[in-house]
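Number of protein chains: 2
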Amino acid sequence: MSKSNILVVNDDGITAPGIQSLIEVVAEIGTAYVMAPDKPQSGQGHAITIHNPITVKKVDHYEGIEAYECSGTPVDCVKIARDVFFPDVPFDLCVSGINHGSNAAINILYSGTMSAAMEASLAGIPSIGFSLLDVSYKADFTASRHYAAKLISFALGHQFNNSKLLNVNIPNLPISEIKGIKVCTQGKSGWSEEFIESKDPRGNSYYWMAGEFLRHEESPDSDINALGNGYVSVVPSMHDLTAYPAIDELKDINLLT
Amino acid sequence: MSKSNILVVNDDGITAPGIQSLIEVVAEIGTAYVMAPDKPQSGQGHAITIHNPITVKKVDHYEGIEAYECSGTPVDCVKIARDVFFPDVPFDLCVSGINHGSNAAINILYSGTMSAAMEASLAGIPSIGFSLLDVSYKADFTASRHYAAKLISFALGHQFNNSKLLNVNIPNLPISEIKGIKVCTQGKSGWSEEFIESKDPRGNSYYWMAGEFLRHEESPDSDINALGNGYVSVVPSMHDLTAYPAIDELKDINLLT
Chain R
1 MSKSNILVVN DDGITAPGIQ SLIEVVAEIG TAYVMAPDKP QSGQGHAITI HNPITVKKVD
61 HYEGIEAYEC SGTPVDCVKI ARDVFFPDVP FDLCVSGINH GSNAAINILY SGTMSAAMEA
121 SLAGIPSIGF SLLDVSYKAD FTASRHYAAK LISFALGHQF NNSKLLNVNI PNLPISEIKG
181 IKVCTQGKSG WSEEFIESKD PRGNSYYWMA GEFLRHEESP DSDINALGNG YVSVVPSMHD
241 LTAYPAIDEL KDINLLT
Chain B
1 MSKSNILVVN DDGITAPGIQ SLIEVVAEIG TAYVMAPDKP QSGQGHAITI HNPITVKKVD
61 HYEGIEAYEC SGTPVDCVKI ARDVFFPDVP FDLCVSGINH GSNAAINILY SGTMSAAMEA
121 SLAGIPSIGF SLLDVSYKAD FTASRHYAAK LISFALGHQF NNSKLLNVNI PNLPISEIKG
181 IKVCTQGKSG WSEEFIESKD PRGNSYYWMA GEFLRHEESP DSDINALGNG YVSVVPSMHD
241 LTAYPAIDEL KDINLLT
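Sequence order for the protein chains is R and B.
Mapping of the first sequence onto the numbering used here: position 255 corresponds to residue 255, and the numbering continues sequentially without gaps.
Mapping of the second sequence onto the numbering used here: position 183 corresponds to residue 183, and the numbering continues sequentially without gaps.
Just chain R, same shape as in the assembly (with noise of 0.2 Å):
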């Protein structure tokens, strides 16, 4: 059996740990083709460039992994690198993190991390990204190098008819502690966000985003449930936005002229 393909991407940047972390795991079982941000490209969300070009180098950090950096944002990543610089490669899985900080819930709509992932999935890749729950630099990536690789070769295992996206993340615990894994549902909370507004050497305003994390009521499927509980939150995930029900809800606007 020849080895699966997998496309590795992130947001943190090429260098940061936890896509040094994920590119191990994906070494162990495939072969890793990497194409990651030249920079930290964090909240990015599903943001393309259009009016400027962008720049690809080689690297080498990865010994035996062919691996660039783009200076565009992670869904821009996954579009040159299928379009220009993997162009005949069969993928079977697209990977994406592994993220240091969560994308449960709502994040998924601000994370490069996901988009990037929901970009290949677009094209009919099956897909996963990975967050842990801790936002340093040093985090400890033990856990989740563990759950990667469960999941990493489950998805290759088998068929996704509803979902060729998962929103994996992975709760800041020692494996010892951790529950195991639960497929959830996304979760509702989301941020209250705060501007500090300060002044420039000219005397302007400036501001400048903060921030509190707000957990809203869950329901007991949902992946914050999850998380708090031990648990590795995995939630199938798409791109089609349609709110069907309110399909049946708004037809009289089929009526106006």
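You may find that some hints are simply not true.
Identical copies go unnamed one by one, so any copy, or any two together, can satisfy a pair.
Cross-link-like lysine-lysine pairs, in silico, DSS-like; alpha carbons within 27 Å at most [claimed, not checked]:
#1 K199 / K188
#2 K251 / K58
#3 K58 / K188
#4 K3 / K188
#5 K199 / K58
#6 K57 / K199
#7 K57 / K188
#8 K3 / K138
#9 K179 / K57
#10 K57 / K3
#11 K58 / K138
#12 K251 / K179
#13 K251 / K182
#14 K182 / K150
#15 K251 / K57
#16 K188 / K39
Read the hints as simulated data drawn from the structure, not as lab findings.
Let chain R serve as the given structure and place chain B on it in line with the hints.
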């Protein structure tokens, strides 16, 4: 009855003809409060500005209307409008656009126009993104204004239970040729990217994203088909990306240790 309070945002920038048209429509229905990017921000998706400060300047482009330009992304505009500039305004509605170009089908993911509207809907404000299928600066917004007025009035008079976010696209046709409005599902059609490679003055390669919109096989209920048949499309949308049918399909994941 007091006038409705309507937040107006976009992604093409505060001076774009599309937002000028939308502000004029809104001013006839309620009180417009404007916070728009100070430059074009197409393709920014749900990007937010975390690692840099942003600036906001009051502008007098629109007589009698409180309007600001912001250096951030479309989503930043919604956040800072609510937190800093209009914290005491109880918004009845947020409208975004009118975008110069389609946000039908998969475009909703990349669209700053739709992400701004989604951000407001996350805060519980019913929101509508409007887009005209003409990217030109001199696009004719006559039909768009007509249908925007109809849909804004409809939205202000209805409860939105199953969706607080409408993705409205208007075909590039004179009013007389538009057949009406259709509530639709999100189409599957999307982009096939191609990057054009060239050399910078120092002989290094750079890449610039091009791309072709590929029409996939679409359901008769899709926005793509409605637009192709001369209708204004309205897709009720949501931010819960959970692929519910996949939860049962993936239940074996819960057994992984």
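Verification of the hints:
1. K199 / K188: neither (35 Å within a copy, 47 Å between copies)
2. K251 / K58: Neither, since 53 Å and 40 Å both go past 27 Å.
3. K58 / K188: The answer is neither: 40 Å in one copy and 34 Å across copies each exceed 27 Å.
4. K3 / K188: neither (39 Å within a copy, 31 Å between copies)
5. K199 / K58: Between copies, since 16 Å is at most 27 Å while 41 Å is not.
6. K57 / K199: between (38 Å within a copy, 14 Å between copies)
7. K57 / K188: The answer is neither: 39 Å in one copy and 33 Å across copies each exceed 27 Å.
8. K3 / K138: Answer is neither: 31 Å inside a copy and 53 Å across each miss the 27 Å cutoff.
9. K179 / K57: Answer is neither: 41 Å inside a copy and 51 Å across each miss the 27 Å cutoff.
10. K57 / K3: Within. Shortest intra-copy distance 26 Å satisfies the 27 Å Cα cut-off; inter-copy 56 Å does not.
11. K58 / K138: Within one copy only: 26 Å inside a chain, 42 Å across chains, cut-off 27 Å.
12. K251 / K179: Between copies, since 16 Å is at most 27 Å while 46 Å is not.
13. K251 / K182: between (37 Å within a copy, 8 Å between copies)
14. K182 / K150: Classified as within: same-chain Cα gap 13 Å, cross-chain 45 Å, threshold 27 Å.
15. K251 / K57: Neither: 52 Å inside a copy, 41 Å across copies.
16. K188 / K39: neither (30 Å within a copy, 32 Å between copies)
In summary, the structure is inconsistent with hints 1, 2, 3, 4, 7, 8, 9, 15 and 16 from the numbered list given earlier, while agreeing with the others.
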